[in-house]
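A.B. asks: Below are the chains, spelled out letter by letter.
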Amino acid sequence: MPKLNMVEAINLALKQEMSKDKSIIVLGEDVGIDGGVFRVTEGLLKKFSKSRVIDTPLSESGIVGVSIGLAINGLKPVAEIQFEGFMLPAFDQIVTHAARLRNRSRGRFTVPLVIRSPYGGGIKALEHHSEAPETYYVHSPGLKVVIPSTPYDAKGLLISAIRDPDPVIFFEPKKIYRAIKQEVPEKEYSIEIGKANIVQEGTDVTLITYGSLVRTSLRAVENLKESVEIIDLRTLSPLDVDLIINSVSKTGKVVIVHEAPKTLGLSAEISALINEKALLSLQAPIERVTGFDITIPLPKTEHYYFPDEKRIQMAIKKVMEF
Amino acid sequence: MPLKIIDSFDVYHLSILDENGNIDKKLMPKISEKEIFSLYEFMLLTRIFDDKALKLQRQGRLGTYASMLGQEATIIGSSYALEKKDWMFPSFRESGAYLLRGLSPEKLFMYWGGDERGMFIPKDQNNFPVCIPVATQTLHAVGAAMASNIKNEKTAFLTYFGDGATSEGDFHEAMNFAGVFNAPVVFICQNNQFAISVPRENQTKSKTIAQKAIAYGFQGIQVDGNDVFAVYKATKDALHKARAKKGPTLIECFTYRIGDHTTADDSSKYRAKKELEYWQKKDPILRLRKYMQKNNLWSKNYEDKITKKFTDLIENSVKKYESVKPQDKEEIFKYAYSSMPKKLKEQSDYLKEVGE
Ligand SMILES: Cc1ncc(C[n+]2csc(CCOP(=O)(O)OP(=O)(O)O)c2C)c(N)n1
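So the sequence lines, in the order shown, correspond to chains A and B. Note that my numbering numbers the first sequence so that position 48 is 51, with each residue one more than the last. Note that my numbering numbers the second sequence so that position 323 is 329, with each residue one more than the last.
A few of these clues could be false.
Claimed, not checked - EDC-like cross-link-like pairs, simulated, lysine to aspartate or glutamate; straight-line CA separation at most 20 Å:
1. K349/B - E272/A
2. K303/A - E362/B
3. K265/A - D355/B
Derived by calculation from the structure, the hints in this document are not laboratory data. What you are looking at is a predicted structure, and each value in this text was computed from that prediction instead of being measured.
This is chain B alone, in the form it adopts within the complex (with noise of 0.2 Å):
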């Protein structure tokens, strides 16, 4: 009975496109010049909205808002690889794939200011709401996705989650239910090196996220998380896989968050000055515009024309957020059930009873 080695892995990582703007052209994905526009313009859009967010945040006119500073290129790269039919479940940083996917960036402003009704998805987008508790929708995703293998159905399905929630039991679950029912799921980590002031060597003694994968029988693998070209890369083959029904991917985007995990947090407090340095200096939109330029891509007067195009859309739906009708008191009660039992019309009666 000998020792011998019955299984072996490997973990590879993927990167594409580097900082000076240099691509490794026998990996570069089949991409036209109209798609890395589109890339470019909602990776800004995506910063456009965050900052306005912020800025909002901190004059009081919305509520705790999730930043995605840094990590535009893994947010924009994955949800445009998406086609229209698939799916996608997020987590709580992924606004800029909803407004890649259709949605008004009034109604985010309204979700992130605290009214319900940002979060009704219009019928013709396949978006699930944003997920507050961590690692649970990825379970979700699995079993929609499980869904679509009974119905005979080829679509693929999207989850968002960090790093920090690939501790969470949700997550495994979710993991090896999609490995034991071959689910078309593909799992993007946005591994931005913190779960609040947790750091990433602290959430996992694993040397990547991606090996996790190994684990319950399928693909993982590590990608430049700044390098949109990348995570749009192994996110197409990813679901082209998924959609053909060869199983699930897990992708590890390795990114990092340049903002405070929330509007609630003071990031100084636990991580040092230098390492945020080092890594805005990787600045993803950044990464692709020097590509751009190294391929005439990009003018001064482009630049200047989506920045406008994207700070006018964005004031406009700040307006359009600011002067949206409150939501009626009976509102609260509409959606527990499909029809209202009558303990909560008595409520709602009440409610009307007590006056402002």
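Chain A extracted, bound-state conformation (with noise of 0.2 Å):
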């Protein structure tokens, strides 16, 4: 089995859909011959010729705006956003249109469309580049939203997400991007949109994550002697409620890791969802290990502002200690 990176599991992912069901197409800012900033998209113009794979203008609103249109007219458009933070110019037609054509039409008129994005920090990018905004898009009804972990599940997720019937933004840890390798199948395979995975089992703490903090979560209690469930959400638009709960129920005790800041971020969410429904499990109160609720800094004090393994361990250490 070959060993990929994440960027080339995705690349494997689209040549394979793309390959199979013709109505699949390819469209963003220097896609074509550039193969998209990351090289995501690499080789596919060459693969699937212009009509497919779209080098657009510089106009995001005009991707996601015409990618409405395609879908709703027989296409199964995957559009990227160059960047997670310039995907607000988009904004409007995501939330306005993409998520809630279904309800306005009441079943007449669907939007298959995939939104794929680079997102969050740690690159030491220029402003604009280091962005968690999941918030956003998780709060908007009608959306699903993806964040793998790993090569081998961006695969998997990827594959399930061009064939949703419904927009998926699927945003890619770009820190990661070409920091794992691993043994990614060349047959098609799909791993369900709304279900987490459990990376490490555990009895004494449950800790939530997604994203490129899976890892740093991961390394974070790799010495440590509790014993603590990691689990990765991988999709968090819609949660995987039933799998948290079962791990609650279980430790009792809950750590929240994301780099979103943290004032409405999932930990949030997660945290009344507990509270719903697992109070009386709970025997310390949540811990919530976040990025503050400022702008993102740039590169030079980036550091400061991500979870990292002492503040993860730490939040451990306090609901342990509780």
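Could you fit the two chains together into a complex? Lean on the hints.
C.D. replies: This is how it looks when you write it as structure tokens:
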């Protein structure tokens, strides 16, 4: 089995799905001859021609707006937004139309659209290239939101996203685009959207996270005496509530880790759900290890912003010592 | 009900200085020898800064950087036409214009090195910070220009953006507001032929970018962007017009991005070497030098002297940049609001508690 990084795994998923289904097209800024600024769409133009791999004008609202039109007229667009920070010009089209057309037309018009975008910080980039905006999308009814943490998951989840009848926001943690190599099967497989993954079983604490922080969390607990169960959410909307509640019922202690700002970050919703469904299992207040409620700093100070191993360990200690 | 023409338009291209250093005397703006030296020296300073920034980036001493190589005439010719009280709203490829308007090179290195303090622009410089999201700054320039109308001031506003930016909705909204409200604004499009890998022809079906102004009810002009006299003249006239409340102007500076899009890009993937070589021959600095040589304004001695002066200046500023005291942890919380909400104070205290 070939060992692939996340960029290669996503590229493979696109190639395989496009070969199978002629209605799939890829569009975005620099996705054609350049192969995307992170090379995720490398080789697609050559393989599938200009009518299916489209370098668009520089216009995010345009990309998503026409993708909606493409989708309602029988195609399956996989749009790339070059960086998560530049999805905002398209926010109107995403939230006002892509997410709502099914409801507005009582099911007559649906939008099977995937919007892929590199996501998150940690690569010492310019402003607006290191954001964690998932909450905006999770908060918007009608959208599904996926963030893989491994090459294997990225392939399987992207295939599901492409086959999904509804719009899916597919955020790719750019920090680990090339950081992890993993065996990724040539053959097609899919990972169900809405299913979280227990990446490490444990009995003392439930640690809930996603994206590049799955790796950071695994490292953080490596030498701890506590037995930590790590849940990789993989899909942020819809959340795998059952899996979370099962784990919390077992451990009674919860740490939630994400790089998005704290206020109304995913951890707020997850805490509320645990409160509603498993309050009596809780043995300590839920700890949140998150980004701060500020604009993510530029490279010289960005490390202050991110949850790191030390902050995760402090939180585990806190719930254990409560 | 006959079918008839109710309006028609011409699109002008302005060029004054040719590649051999000869000028069109009729079109040449009034410009003193001293000003010609200034233009030349700012272009050279821009190139020396640019070259150093690229080297620092390659050595891991600077972050991602957007080069100005080949676009010096566009950047300097236009910003030189501004008066001190005028305002500039750049994108991210105008470091040279910041230098011309008084920002120190070490501040620019700090910014491109990932230190927010580099974009604290001294209060006596009317420059907006670098704007990374494409085209959004054009609206800010128009709004600021509208304010000067409302306040009855005679200030002009200039905004920079690329050819790719003309595809964004914000650009069109800015052009429309500018027209409707007669905003004293000058739009400078640095048409360097590329938006990363996408060539100008795939960005818009229009033959020129200049003609887009017509649809919004004001003048647009294309100028040779490697001709510093043409850029200077067109901008100077447009700023004058703006201050006289005679409407906005769009100036398309037709130039070429000699370098990669940024240090994160590899342009050999998407453009032909031949094309690059063709444009390298049109070097804007060389062109002005030829003119100066013909008019006895240039000597080897002069060139060496200013090159050394600017190289020393830049080397010195690199030292300052690299020895600046790092920001304290608390700094990251300080500028979120005018006064810090309790939750941020708590988060800042927590970060201190985390330690190194
Ligand atoms: C809204 C937005 N979308 C995408 C990007 C990513 N990006 C940065 S520069 C650039 C191309 C800009 O081209 P152009 O406007 O021609 O200016 P140039 O870089 O050539 O100076 C792109 C796509 C961005 N910064 N902002």
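A.B. asks: Next pair to validate is K349/B with E272/A; report whether the Cα-Cα distance is within 20 Å.
C.D. replies: holds (18 Å)
A.B. asks: Does D355/B lie within 20 Å of K265/A when you go C-alpha to C-alpha?
C.D. replies: Within the cut-off at roughly 15 Å; holds.
A.B. asks: CA of K303/A to CA of E362/B, is that 20 Å or under?
C.D. replies: Measuring from Cα to Cα gives roughly 15 Å; hence the hint holds.
Consistency with the previously given hints is maintained throughout, with no hint failing.
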